[in-house]
Structures are given as C-alpha cells and as structure tokens.
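Chemist: Okay, here's what each chain looks like letter by letter:
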Amino acid sequence: MYRPKIVPFVCDWCSLQSADFIGLTRLFFPKKVSFIRVPCSGRVNPEIVLFSFKNGADGVIVMGCEKGSCNYRTGNFQAERWSDALRMTLELSGLNKDRFKLHLEMDTEIISVYEKFYDEISNLGPIGNELGLDKEKDWEKIKNKFEIIELTLLDNDIKWLIGREWTLVTIENVYGEKFDEEKFKMIAKERIRQQFIASEIMFLTREKPMSIAELSKILNRNPKEIFDVLTEMQRKERITLYDFVDRIPRYISVR
Amino acid sequence: MILAEIDKCVGCRSCEVACAEKHLKELKEGYTIEEILLNTRQMHVGIAMGGTKPMPIQCRHCEDPTCLFACITGAMHRDPKTGMVLVDYEKCVGCWTCLKMCSFGTIMVDTINHRILKCDKCFMERPPACVQACPNNVLIVEEVEVVDHEKCIGCGLCESLCLRNAIKLQDTEKGKRAVVDQNLCKGCGICASSCPQDAIKMRYFTDQKAQETILKLLEVANV
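Protein sequence lines, in the order shown, are assigned to chains A and B. Start counting the first sequence at -9; every next residue gets the next number (our numbering). Start counting the second sequence at 16; every next residue gets the next number (our numbering).
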C-alpha cells in the first residue's frame, strides 16, 4: 500500500500546545506522526519547504495560530503571503498546489487536521503523478522543477516584494500612502509569473547557450513573451549574448 | 535574551541571593537577614514539572502584559526606550492585583514596604546579577539573532516587520545597517526568514538543524 511522506511543521504556541494537550488528556496519538517544532509559522520560509520537497516529501503542511493572534504579531501574516506565492509557483510548474498547505486556526484537533491532509495526499499519489511522471524513474525531472521554483522564490526582488506586502497594505509607505490589497496582489502575481519564466530560461541556459526559437520550443511559450523577459534579464545582467549561429543570437546565463 | 536550561538547574538559589543583594539599598532594623532576603528579591526559583524540577522564574516582559492592564494606579508602565515593563514605586499602593493577574507567577511581594517587586533586568546591565551568580550556567545571556553587516544593505524590511522594535536601522561604520537589541529580541525568526539578502542568522532553530530533522523524518517515513 502506498504511504505518502509528509513533513508537518508546527508553531510553538497554538499547534504544539494542542499536541501536548492530547498527551496530557491521554487521548489517542498515532505512532507514525512526528512534528517539526518551529518558534513561529513565519520562521518557515520557502527555502526549508523546498528542501523537504527536493528530498522526497510528497506533501508539506504548516500549522500555526489563528490570523491576528500571533504571539509575535506579524508572523502568520508573513507566512500567508509567502505560502500564496509558493502555491502559485507550484501551479505554474504543473504540480498540484494542494501539496503544500498552510493551516492557520486555533484548534485542539491537530491530529484530525493531519489525518485529513494525509488522506488528501494519499488520493493525489506520489509526487509527479499529476504530470504523468514516475517518482523513482523521472526523479531528475521533478527535482529540476523544484530548482526552478527555488530560483523564482529566492530571488531578491521577489523576496522583498513578498516581505513588504503586509506593511504596504496595512500600514503605509514612506509617502504616507496605503496600497489597495487586490491591486497589489495582481501586480505581485504578474511579477512572479514573469520571474518564473526568467528562472526557467536561466535554468536551461546554465551550461549551453540557446536561441529564442529553441527556448520557445522547449518551454512551449510564445517567442514574444520570452523576448520580453530576456530584455528585462539583460538589463539586470542575469543573461548575456554568447555568439551568433547563422545570424541568430544565442544567450547564456551569468553566474 | 536571557535563557534558562532547566535540565541543569539544581535549585541552589544563588540567583535569588544575588538578585536580592543587587537591589538591596538599606538594611532595616528589627528584621532578620532571611526576612530581608525574602522581601528584596525580584525573581525566584520555583518548582515545575509536577513538583519534581526546580527552575528559575523571571519576568518575561510580555507583549500584552496582563499586569499592566490590571494596575489600578498606573504604577506599572512600559518604558518607551527599552520596552521593558517597570514599576513606578511612588505610585504603587500594594493592592497586589498584578500578582493575581500574572500567569507566570513572576511578581514578588515586599511586605516590609508593602509594595510589589518585579524584574528590571538590572537596568539593562549585561550580564545581570542572576546570570553572573549561576554556578551551573543554567541562566545565560545569548545573542539569538545576528546581523551580518557585510551582507546587509539597509533596506529596512526587518524593521517594518518587527513590531517589538528589537531590530532597527542605525548609522554604523558601513552606513545604515540593521542592529538587533538583544534585550528586546524574542527570537521568533521572522526577520531571518524574510531577509532578501540572507544577512540575518539565527543561533537557535537554524536552517541546518531544520534540514537535519527533515532528512531524519523522511527516513523514518520510508520504513
């Protein structure tokens, strides 16, 4: 029988206390479950989550306090922002976005939440199932997908955009203006989508130079879309012109 | 941040004595030394874990202090500079409402002067008296989060996220850089996880440790 590998992170204040409460009241606690303790749900960042996916996890769940009752005030708002971005990039790369879940609620039924997630992942199957890839045979392909996601989310600009969102939307910027939340989300979504294409190009041109026609064929995207991203990347010095083959320019990424 | 490793604590109470010695201003006549010691200490060694384990108990200077809301005269206040919760002894009347409200049992009673006693972190002196006196290194002052000034570019993202004012931009030799106030930091790690330049490092709950536990957990799940 298929057993999914799940990495559960629990916040020190609500979720771990409820897990502790299960032991104190001598309720049933399954043997298989073991949690990873973190001080706050805001401490878990995309880097740690992607590390567990890259090492063979089928699903990751982060459990934290209810929204607005964080012990450190900003922690779970921050967690919500980056989890939205992570789910978006998972969807962009073709994987199921339900493989990552952020559960922000103040409840003592932590085991039932875990078991519900376990059942969901069991139904989805091993990672790569939704793309028609076998987890053991095509492991390299799946791992490459996560590397592209890592390039996207650990980019300085994206990290800054995700981190600043809460302050810009709820308090104000340096000019005393307040951003509209939906407008900000639209801009951030478009920016992350662009960055995702850019990191795909960066990943492909790591070792050998490629032309725009080749890139659009592999990535299955419109050449104009790729050209727009390429000019932006050239401006930021992420990619340079390598050589010309039959008057067609080829590009290579800069380390 | 003052940390306590309660596994090492043997309950010798030298921290209590050092605390009393530090805050003792004058000896009053007509009282024994034991009584004076009991009425001048600002922290105590309590019994935890179902009456089996001694552990030092100190004020945590909470984010939403119940003692501050409970105070009827306004003697309990938050110091705007340091963010500590302190008592104004001119205003304190000894009603002991804060004593009932504190959920950690950290507030002590002075029956001689009829007022309450509460940790002031030895007025930001480092290390405080209790830490200095501990023979087993149970109480330690630790730098929980450290900023690498080579990597930091002074964008101010961490400052906007920390509502405790523990991390702030300050003028240093290398220009504007983020500086952590270790007395106010509670070690949540929000700034460390959202720093775009990876300049902030944590001493506890590090990325390496998290990665080790993830690998172990995935190994166990395989069986």
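Quick caveat, the hints were computed from the structure, so don't treat them as lab data. Cβ atoms here follow ideal geometry from the backbone N, Cα and C, with glycine treated the same way. Among the hints, a few may not be true.
To be verified - Simulated DEER-style distance windows between Cβ atoms:
hint: 1; chain 1: A; residue 1: Glu222; chain 2: B; residue 2: Leu184; range: 22 to 32 Å
hint: 2; chain 1: B; residue 1: Thr187; chain 2: A; residue 2: Lys175; range: 34 to 44 Å
hint: 3; chain 1: A; residue 1: Lys175; chain 2: B; residue 2: Cys77; range: 51 to 61 Å
hint: 4; chain 1: B; residue 1: Ala85; chain 2: A; residue 2: Lys57; range: 21 to 31 Å
hint: 5; chain 1: B; residue 1: Thr187; chain 2: A; residue 2: Gly122; range: 29 to 39 Å
hint: 6; chain 1: B; residue 1: Lys166; chain 2: A; residue 2: Glu172; range: 46 to 56 Å
hint: 7; chain 1: A; residue 1: Met176; chain 2: B; residue 2: Leu184; range: 45 to 55 Å
hint: 8; chain 1: A; residue 1: Glu105; chain 2: B; residue 2: Tyr104; range: 34 to 44 Å
hint: 9; chain 1: B; residue 1: Glu50; chain 2: A; residue 2: Ser102; range: 27 to 37 Å
hint: 10; chain 1: A; residue 1: Ile12; chain 2: B; residue 2: Lys68; range: 20 to 30 Å
hint: 11; chain 1: A; residue 1: Met96; chain 2: B; residue 2: Ala85; range: 38 to 48 Å
Unchecked claim - Within a straight-line C-alpha distance of at most 30 Å, the following computed DSSO-like cross-link-like pairs (lysine-lysine) qualify:
hint: 12; chain 1: A; residue 1: Lys(-5); chain 2: B; residue 2: Lys231
hint: 13; chain 1: A; residue 1: Lys44; chain 2: B; residue 2: Lys231
hint: 14; chain 1: A; residue 1: Lys175; chain 2: A; residue 2: Lys198
hint: 15; chain 1: A; residue 1: Lys133; chain 2: B; residue 2: Lys216
hint: 16; chain 1: B; residue 1: Lys224; chain 2: A; residue 2: Lys168
hint: 17; chain 1: B; residue 1: Lys189; chain 2: B; residue 2: Lys68
hint: 18; chain 1: B; residue 1: Lys201; chain 2: B; residue 2: Lys191
hint: 19; chain 1: A; residue 1: Lys133; chain 2: B; residue 2: Lys224
hint: 20; chain 1: A; residue 1: Lys22; chain 2: B; residue 2: Lys183
hint: 21; chain 1: B; residue 1: Lys191; chain 2: A; residue 2: Lys57
hint: 22; chain 1: B; residue 1: Lys183; chain 2: A; residue 2: Lys175
hint: 23; chain 1: B; residue 1: Lys115; chain 2: A; residue 2: Lys179
hint: 24; chain 1: A; residue 1: Lys125; chain 2: A; residue 2: Lys175
hint: 25; chain 1: A; residue 1: Lys131; chain 2: A; residue 2: Lys168
hint: 26; chain 1: A; residue 1: Lys226; chain 2: A; residue 2: Lys91
hint: 27; chain 1: B; residue 1: Lys166; chain 2: B; residue 2: Lys216
hint: 28; chain 1: B; residue 1: Lys96; chain 2: A; residue 2: Lys21
hint: 29; chain 1: A; residue 1: Lys168; chain 2: A; residue 2: Lys198
hint: 30; chain 1: A; residue 1: Lys127; chain 2: A; residue 2: Lys179
hint: 31; chain 1: A; residue 1: Lys(-5); chain 2: A; residue 2: Lys57
hint: 32; chain 1: B; residue 1: Lys224; chain 2: A; residue 2: Lys125
To be verified - If you want a taste of the chain A side facing chain B, the calculated C-beta under 8 Å gives, among others:
hint: 33; residue: Phe19
hint: 34; residue: Val23
hint: 35; residue: Ile26
hint: 36; residue: Gly32
hint: 37; residue: Asn35
hint: 38; residue: Glu37
hint: 39; residue: Asn61
hint: 40; residue: Gln68
Chemist: Run every hint past the structure and note whether it holds.
Modeler: Going down the list of hints, with the structure as the test:
1. A:Glu222 with B:Leu184: 22 to 32 Å: Given about 30 Å between the Cβ atoms, the range holds.
2. B:Thr187 with A:Lys175: 34 to 44 Å: 36 Å, holds
3. A:Lys175 with B:Cys77: 51 to 61 Å: 34 Å, violated
4. B:Ala85 with A:Lys57: 21 to 31 Å: 27 Å, holds
5. B:Thr187 with A:Gly122: 29 to 39 Å: Violated, at about 55 Å.
6. B:Lys166 with A:Glu172: 46 to 56 Å: 34 Å, violated
7. A:Met176 with B:Leu184: 45 to 55 Å: With a Cβ separation near 30 Å, methionine 176 (chain A) and leucine 184 (chain B) fall outside 45 to 55 Å, so the hint is violated.
8. A:Glu105 with B:Tyr104: 34 to 44 Å: The hint (34 to 44 Å, Cβ to Cβ) is violated, given that glutamate 105 (chain A) and tyrosine 104 (chain B) are roughly 55 Å apart.
9. B:Glu50 with A:Ser102: 27 to 37 Å: With Cβ atoms ~54 Å apart, the hint is violated.
10. A:Ile12 with B:Lys68: 20 to 30 Å: Since isoleucine 12 (chain A) and lysine 68 (chain B) have Cβ atoms about 22 Å apart, the given range 20 to 30 Å holds.
11. A:Met96 with B:Ala85: 38 to 48 Å: 24 Å, violated
12. A:Lys(-5) with B:Lys231: Holds. Lysine -5 (chain A) to lysine 231 (chain B) sits at ~12 Å (cutoff 30 Å).
13. A:Lys44 with B:Lys231: Between lysine 44 (chain A) and lysine 231 (chain B) the Cα gap is close to 14 Å, so the pair holds against 30 Å.
14. A:Lys175 with A:Lys198: 36 Å, violated
15. A:Lys133 with B:Lys216: Distance of about 27 Å is within 30 Å: holds.
16. B:Lys224 with A:Lys168: 39 Å, violated
17. B:Lys189 with B:Lys68: Between lysine 189 (chain B) and lysine 68 (chain B) the Cα gap is close to 48 Å, so the pair fails against 30 Å, i.e. violated.
18. B:Lys201 with B:Lys191: Roughly 23 Å between the alpha carbons, so the hint for lysine 201 (chain B) and lysine 191 (chain B) holds.
19. A:Lys133 with B:Lys224: 22 Å, holds
20. A:Lys22 with B:Lys183: 43 Å, violated
21. B:Lys191 with A:Lys57: At roughly 33 Å apart (the allowed maximum being 30 Å), lysine 57 (chain A) and lysine 191 (chain B) break the hint.
22. B:Lys183 with A:Lys175: 28 Å, holds
23. B:Lys115 with A:Lys179: At roughly 50 Å apart (the allowed maximum being 30 Å), lysine 179 (chain A) and lysine 115 (chain B) break the hint.
24. A:Lys125 with A:Lys175: 34 Å, violated
25. A:Lys131 with A:Lys168: Not satisfied, since the Cα-Cα distance of roughly 43 Å exceeds 30 Å.
26. A:Lys226 with A:Lys91: 33 Å, violated
27. B:Lys166 with B:Lys216: 11 Å, holds
28. B:Lys96 with A:Lys21: Status violated; Cα separation ~49 Å.
29. A:Lys168 with A:Lys198: Violated, at roughly 45 Å.
30. A:Lys127 with A:Lys179: 33 Å, violated
31. A:Lys(-5) with A:Lys57: 28 Å, holds
32. B:Lys224 with A:Lys125: With Cα atoms ~27 Å apart, lysine 224 (chain B) and lysine 125 (chain A) stay inside 30 Å; holds.
33. Phe19: 16 Å, violated
34. Val23: Hint on valine 23 (chain A): violated, closest Cβ of chain B at ~10 Å, above 8 Å.
35. Ile26: 5 Å, holds
36. Gly32: 4 Å, holds
37. Asn35: Constraint on asparagine 35 (chain A) satisfied, holds at 4 Å.
38. Glu37: 7 Å, holds
39. Asn61: 7 Å, holds
40. Gln68: With a closest approach of 6 Å, the glutamine 68 (chain A) hint holds.
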